[in-house]
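Q: Next come the chains, spelled out residue by residue.
2 protein chains.
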Amino acid sequence: MPYALIARYHVIPGNAALVEATLREMAERIRADEPACLAYQVNVDPDDENMICLYEVYATAEDVTAHRETQHFKDLIEGVIAPVLQRRERELYRQVIS
Amino acid sequence: MPYALIARYHVIPGNAALVEATLREMAERIRADEPACLAYQVNVDPDDENMICLYEVYATAEDVTAHRETQHFKDLIEGVIAPVLQRRERELYRQVIS
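If you read the protein sequences in the order shown, they are chains A and B. According to this note's numbering, the first sequence is numbered sequentially starting from 1. According to this note's numbering, the second sequence is numbered sequentially starting from 1.
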């Protein structure tokens with residue numbers, strides 16, 4: 001059963017362009033290396049460039065966990081993006097219609 | 001530029017199956033009638049079947065508005081689903097990576 005993840009990144013002002021560029025690299029790495037990632041979309045609040053909302057879909061709950069163990073997650077999300085966030089939130093859902 | 005919409009439906013207990021079935025019909029109507037709708041996905045909180053999270057993507061901001069004017073939106077969302085919700089919330093985003 002697919003699982004959808006909504007991750008919200010509250011970026012420290014001045015770092016929005018860095019975060020977006022890093023997420024573009026992340027999307028490429030996922031496309032190349034994670035066939036179980038069915039969607040990886042990045043959205044920005046039109047009124048606040050520092051509020052970034054990721055929408056990700058994985059084939060199974062195990063694939064969500066495996067995503068966080070990848071080298072690109074460690075390098076790009078934890079290494080580059082996490083240090084420039086004020087905070088982050090995460091919601092996990094069962095997908096019923098796609 | 002695409003726009004992504006996150007809609008959260010807090011369902012009055014006892015109506016989750018009705019809402020999911022109606023959203024399935026909605027997805028079919030959208031697939032048939034709204035080519036500018038690029039994604040229409042329905043997700044459920046694994047710990048609370050009454051918390052439903054829709055993720056929708058439209059080609060432009062105008063297509064988001066047009067979606068709410070369709071007959072299927074009026075019949076199914078406003079006619080069938082809205083009366084069995086405790087409340088609903090809505091977030092609109094510019095999509096930057098898909």
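Quick caveat, the hints were computed from the structure, so don't treat them as lab data. Hints may contain errors.
Same chains, same names: a pair is fine if it fits in one copy or spans any two.
Here are the simulated lysine to any residue pairs, SDA-like style, with alpha carbons at most 25 angstroms apart [as the list claims (entries may be wrong)]:
hint : residue 1 : residue 2
1    : Lys74     : Glu62
2    : Lys74     : Ser98
3    : Lys74     : Val96
4    : Lys74     : Asp47
5    : Lys74     : Glu89
Q: Now tell me, hint by hint, if it's right for this structure.
A: Hints versus structure:
no., hint, in the structure
1, Lys74 <-> Glu62, "within (17 angstroms within a copy, 38 angstroms between copies)"
2, Lys74 <-> Ser98, "between (29 angstroms within a copy, 21 angstroms between copies)"
3, Lys74 <-> Val96, "between (29 angstroms within a copy, 22 angstroms between copies)"
4, Lys74 <-> Asp47, "neither (30 angstroms within a copy, 28 angstroms between copies)"
5, Lys74 <-> Glu89, "within (17 angstroms within a copy, 33 angstroms between copies)"
The structure is inconsistent with hint 4 alone, although it conforms to all the rest.
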